[in-house]
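*Asks:* Here is what each chain is made of, one letter per residue.
There are 2 protein chains.
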Amino acid sequence: MESNLRLACAQINCTVGDLEGNCKKIIEYIQKAEKLGVDIISFPELTITGYPPEDLLLKPKFIKDNLEKLKKLARNVFDIVTVVGFVDRQSKNIYNSVAIIYNREIKGIYHKMFLPNYGVFDEMRYFKQGTTPFVFKFGRVIFGANICEDIWHKDGPTRLQSLSGASLILNISASPYYVGKVKERENIIKNQAKDNSVFIAYTNLVGGQDELVFDGQSLVVDSNGKIIARAEAFKEDLLIVDLNISAIKTKLTEKTIMIVDKVLSLSKKPPIPPIPKKQIKSLEPINEIYQGLILGLKDYVIKNGFQKVVIGLSGGIDSSLVATLAVDALGKDNVIGIFMPSKYNSQQSKIDAELLAKNLGIKFITVPIDSILKVYLITLDEEFIGTEKDITEENLQARIRGNILMAFSNKFGYLVLTTGNKSEMACGYATLYGDMAGGFAPLKDLLKTFVYKIAEWRNKIKSVIPENVFIKAPTAELKENQKDEDILPPYNLLDKILHYYIEEDKSIEEIISSGFDKKIVLKVINMVDKTEYKRRQSPPGIKITHKAFGKDRRMPITNKYRINVQ
Amino acid sequence: MESNLRLACAQINCTVGDLEGNCKKIIEYIQKAEKLGVDIISFPELTITGYPPEDLLLKPKFIKDNLEKLKKLARNVFDIVTVVGFVDRQSKNIYNSVAIIYNREIKGIYHKMFLPNYGVFDEMRYFKQGTTPFVFKFGRVIFGANICEDIWHKDGPTRLQSLSGASLILNISASPYYVGKVKERENIIKNQAKDNSVFIAYTNLVGGQDELVFDGQSLVVDSNGKIIARAEAFKEDLLIVDLNISAIKTKLTEKTIMIVDKVLSLSKKPPIPPIPKKQIKSLEPINEIYQGLILGLKDYVIKNGFQKVVIGLSGGIDSSLVATLAVDALGKDNVIGIFMPSKYNSQQSKIDAELLAKNLGIKFITVPIDSILKVYLITLDEEFIGTEKDITEENLQARIRGNILMAFSNKFGYLVLTTGNKSEMACGYATLYGDMAGGFAPLKDLLKTFVYKIAEWRNKIKSVIPENVFIKAPTAELKENQKDEDILPPYNLLDKILHYYIEEDKSIEEIISSGFDKKIVLKVINMVDKTEYKRRQSPPGIKITHKAFGKDRRMPITNKYRINVQ
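For the protein sequence lines, the chains are R and P, in the order given. The working numbering puts the first sequence at residues 2 to 567. The working numbering puts the second sequence at residues 2 to 567.
Just to be clear, a hint being listed does not mean it is correct.
EDC-like cross-link-like pairs, simulated, lysine to aspartate or glutamate; straight-line CA separation at most 20 angstroms [unchecked claim]:
#1 Lys552/R / Asp156/P
#2 Lys129/R / Asp56/P
#3 Lys73/P / Glu106/P
#4 Lys344/P / Asp329/P
#5 Lys309/R / Asp329/R
#6 Lys375/P / Asp371/R
#7 Lys524/R / Glu505/R
#8 Lys299/R / Glu233/R
#9 Lys524/R / Glu511/R
#10 Lys65/P / Glu505/R
#11 Lys62/P / Asp329/R
#12 Lys480/R / Asp391/R
#13 Lys62/R / Glu504/P
#14 Lys108/R / Asp80/R
#15 Lys561/R / Asp19/P
#16 Lys195/R / Asp223/R
#17 Lys93/P / Asp506/R
#18 Lys531/P / Asp19/R
#19 Lys93/R / Asp156/P
#20 Lys62/P / Glu505/R
#21 Lys454/P / Asp329/P
Because the hints were derived from the structure by calculation, they are not lab data.
All chains, full assembly: derive it from the sequences and hints.
*Replies:* See below:
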């Protein structure tokens with residue numbers, strides 16, 4: 002059968018607050034699509050404001066500016082149905098909305114009906130829920146537009162719009178990435194399409210925003226629930242699909258808004274060469290995480306106006322992976338590695354760090370810290386008289402390193418990347434204002450065992466991290482012969498406990514009864530619970546798992562919930 | 002007319018997560034009230050879990066434990082109606098709830114109907130809304146129980162419960178303090194009582210929890226809207242009032258739950274001497290803030306298991322006020338002041354800091370930082386060759402001080418209090434990992450001009466802060482002849498702009514058009530917007546205003562919303 006509708010999902014990278022820049026990009030994509038004879042183009046959720054705008058939404062001027070941008074945008078839309086996200090306002094209420102624009106007019110507006118208010122989402126803080134699942138008639142095609150969370154609900158607008166005659170649903174999304182999300186999301190969309198016998202075009206945001214990274218991977222699914230097109234992962238893309246939308250399924254209802262009763266383009270405009278259906282393959286699991294890390298890191302750096310980053314290299318796996326990621330995200334000329342040895346650092350650490358830098362082709366600077374440490378100790382000597390050496394002296398070393406990195410940041414405008422992983426963040430096995438000092442923490446949501454896996458995967462593409470980094474036992478090298486395992490259980494054990502406790506919210510009893518040693522479980526969980534204050538002052542990192550530290554997990558600092566396990 | 006009901010508001014200081022401790026305290030207060038012949042005693046919102054429990058609520062075991070504690074508590078309740086807050090669960094949903102306990106049984110449960118999800122509140126993240134405004138019959142008295150936000154809504158359960166025959170409303174609250182809140186809240190309650198012709202007993206939480214402080218000031222209001230009793234501010238209290246509740250206003254409805262059809266105590270129990278109505282006067286404005294600061298600080302320190310605090314004293318107004326607050330909250334033996342001079346500190350700074358310490362009677366330690374700074378500069382010299390002196394060298398000094406304070410914290414278990422105020426936090430006029438390093442920031446929500454006012458007020462009670470501290474121009478003393486006003490507008494101007502922009506969410510145009518110089522406004526707002534990343538890593542402080550930094554104001558770090566003012 003011949004196609005009668007050319008559809009485009011414009012998977013663009015918006016920036017929060019950049020109303021001007023986002024609109025400029027929208028127009029570019031519209032123009033690109035027009036040239037390709039597209040009938041309907043849809044953009045991600047809150048296209049104009051970026052997602053999530055958070056408390057910018059409480060500023061009346063921000064809402065007003067976004068409305069003005071929408072109006073201005075509409076004046077630039079001609080013979081192409083444009084489906085774009087914005088914030089609508091009605092008296093004192095605001096709505097997470099989509100506008101349907103055609104021929105220089107806003108033809109209709111839909112308000113998001115299901116507002117996520119869990120995990121990283123706070124939409125009920127800002128928005129009122131929409132109430133009406135409008136459908137729109139464009140030529141012979143009736144379609145419904147809805148927004149992100151809306152499509153996750155069986156009895157949501159997708160069903161209602163289908164029942165009102167829609168044979169095509171345009172869902173515009175800002176669906177943050179985490180491991181497992183892509184599959185989960187695709188299944189939801191496939192089922193919705195099949196259950197309601199509708200085509201679904203799902204346009205997802207792409208890009209990094211503080212703790213979040215949006216993976217794109219926009220989709221078009223046919224009315225049998227089959228994926229017929231998939232856009233790029235973690236990249237901007239314009240996914241174009243020619244559809245053969247069947248005749249109107251049911252008669253028009255009072256919820257139908259007429260856009261134009263025109264004959265559609267493929268049969269009207271000059272013949273347009275068919276566009277082969279693009280179906281990008283899903284990424285394999287580790288690569289998917291890696292690409293997410295790269296985009297999250299890159300966008301944080303660039304969107305915040307930085308160009309170069311500085312990293313404290315220790316010769317360990319964490320800093321090695323962060324440096325590698327940074328090079329892949331920003332290019333080798335924008336990454337500076339600083340090795341800051343003390344007397345506790347082995348010669349091997351220096352060899353490993355230097356070799357890494359050489360393999361990556363980045364600038365490598367050595368700044369020894371012993372003489373600074375010595376003066377601290379002399380200065381404090383009198384006050385600390387009669388006390389034993391303890392964590393104080395170890396933390397001082399980490400803090401001197403933090404200061405040096407920040408000095409480079411202040412002097413040259415570099416952003417400091419911290420190298421801590423999720424296992425350390427969880428157990429508080431990191432020094433506040435020391436190795437935790439920095440603007441962004443790329444590995445914050447990766448357990449140590451994952452750090453190894455990802456580094457191994459990356460090395461297979463091209464070996465940059467020295468083999469020895471994988472072999473040696475993890476150590477902070479803050480005192481003689483120190484090993485992480487002096488304090489922490491072995492990482493392969495620790496990480497499992499952390500996964501259950503943090504990511505699965507399992508209780509101590511449940512974890513113990515699934516086969517872990519009670520003493521170790523209690524020790525680990527005690528570490529996690531008592532170091533909430535450290536995490537509260539940690540830099541943001543990229544959400545990679547179902548539950549990350551940050552706005553995903555809001556634990557009180559003052560908290561006496563301690564379970565006595567008999 | 003004779004009283005027929007003895008009512009108690011048990012305004013207690015709960016701790017989040019301390020199920021055991023909170024229940025112990027509940028029982029103590031019940032026993033105290035029983036001895037005084039109380040018929041009905043009510044406790045604050047979420048009495049058993051503490052408020053707000055945040056993501057502890059996502060742990061199924063936590064909910065289960067709280068339910069078990071409630072059951073255990075019920076077994077200890079005899080001839081006194083006990084109204085207590087807890088988390089109820091029904092299948093997969095949880096509710097912010099109140100239990101009505103009598104004679105060892107849970108007689109009824111009410112679920113909060115209005116869930117706040119703005120400002121510092123995230124209740125829709127956790128709870129389902131209740132649907133039924135039950136009323137309870139106890140002897141001849143019909144009463145309704147509802148929870149905090151419920152009473153702020155005209156068409157909320159207070160009205161519905163009154164219409165169902167209640168002549169008494171027990172509202173249990175956890176209403177966080179801010180300037181102006183007490184009056185606002187009292188007006189709401191008075192109007193609700195008057196409009197619905199009901200007595201209202203309002204039991205508020207007291208105590209500090211991370212960023213929040215709850216002021217107590219529980220109230221009993223008669224059915225004409227007159228306050229007939231008021232409990233202490235910022236202190237635990239048991240407010241007892243004898244009421245003459247009129248006969249049942251209307252007949253029972255299907256929403257009525259019978260607790261017991263008994264004759265009420267005052268006519269049944271052995272004669273009990275009347276209790277004079279207690280009506281604590283509201284505090285005067287500055288004192289109210291001061292008491293809030295003291296309680297917020299004290300509870301953060303104590304509930305987190307600390308005893309002593311350490312403060313960097315500079316001889317300036319901020320550190321002087323923080324030290325004074327700490328002494329008032331924790332006692333002079335628990336406060337250590339450290340003066341850390343460099344060559345840029347005037348002799349007068351030392352005199353002022355030392356005199357303050359002497360006046361307060363706290364330990365005073367001097368730790369000079371010049372020799373440490375010198376070694377940093379030598380160490381970095383080669384890398385920084387050809388660069389000018391700039392903020393880098395200033396920040397290094399602040400960070401050395403931060404390290405020294407943290408070294409004392411690590412060595413002796415002191416909590417570091419930071420001394421930054423809201424004006425500094427707003428403009429980013431503070432060094433991350435430097436003077437921002439610490440566990441708690443008591444002045445975080447006080448603009449600089451307020452810091453002065455509060456310090457002046459405190460000095461009037463007993464002069465502890467040296468007069469000179471008030472007179473000299475504010476300076477960070479990080480370079481020769483530095484003054485805050487080199488970078489910032491004068492504080493009396495700056496603070497007004499910050500108030501409008503941050504606390505009132507006014508736009509740049511609105512601020513300019515209310516009579517401020519455009520150049521200054523733009524400069525200030527630019528400083529605020531671009532330093533979000535610093536605030537994200539700052540320690541928690543006490544919310545004192547309508548809008549504090551922290552979970553009250555959730556701005557994106559990555560944010561390109563910049564207005565071009567013509």
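*Asks:* Given the hint that Lys62/P pairs with Glu505/R, does the C-alpha gap stay at or below 20 angstroms?
*Replies:* Holds, at about 12 angstroms.
*Asks:* Decide if the proposed pair is consistent with the structure: Lys62/R and Glu504/P, CA atoms, cutoff 20 angstroms inclusive.
*Replies:* holds, 15 angstroms
*Asks:* Assess, step by step, whether the Cα of Lys309/R is no farther than 20 angstroms from the Cα of Asp329/R, and give holds or violated.
*Replies:* holds, 13 angstroms
*Asks:* Is Lys561/R within 20 angstroms of Asp19/P, Cα to Cα?
*Replies:* This hinted pair holds, its Cα atoms lying about 5 angstroms apart.
*Asks:* Holds or violated: Lys65/P and Glu505/R, Cα atoms, limit 20 angstroms.
*Replies:* holds, 17 angstroms
*Asks:* Do the alpha carbons of Lys299/R and Glu233/R lie within 20 angstroms of each other, as the hint requires?
*Replies:* OK: Lys299/R and Glu233/R at ~17 angstroms, within 20 angstroms.
*Asks:* For a C-alpha distance cap of 20 angstroms, please report whether Lys375/P and Asp371/R respect it.
*Replies:* holds, 14 angstroms
*Asks:* Is it true that the CA of Lys93/R sits at most 20 angstroms from the CA of Asp156/P?
*Replies:* Status holds; Cα separation ~19 angstroms.
*Asks:* For the pair we were handed, Lys552/R and Asp156/P, check the Cα-Cα distance against 20 angstroms.
*Replies:* violated, 33 angstroms
*Asks:* Quick one, are Lys344/P and Asp329/P close enough, alpha carbons at most 20 angstroms?
*Replies:* Between Lys344/P and Asp329/P the Cα gap is close to 32 angstroms, so the pair fails against 20 angstroms, i.e. violated.
*Asks:* Holds or violated: Lys195/R and Asp223/R, Cα atoms, limit 20 angstroms.
*Replies:* holds, 8 angstroms
*Asks:* Lys129/R and Asp56/P: Cα distance at most 20 angstroms?
*Replies:* Since the Cα atoms of Lys129/R and Asp56/P sit roughly 24 angstroms apart, the hinted pair is violated (cutoff 20 angstroms).
In this structure, the hints that do not hold are numbers 1, 2, 4, 11, in rising order.
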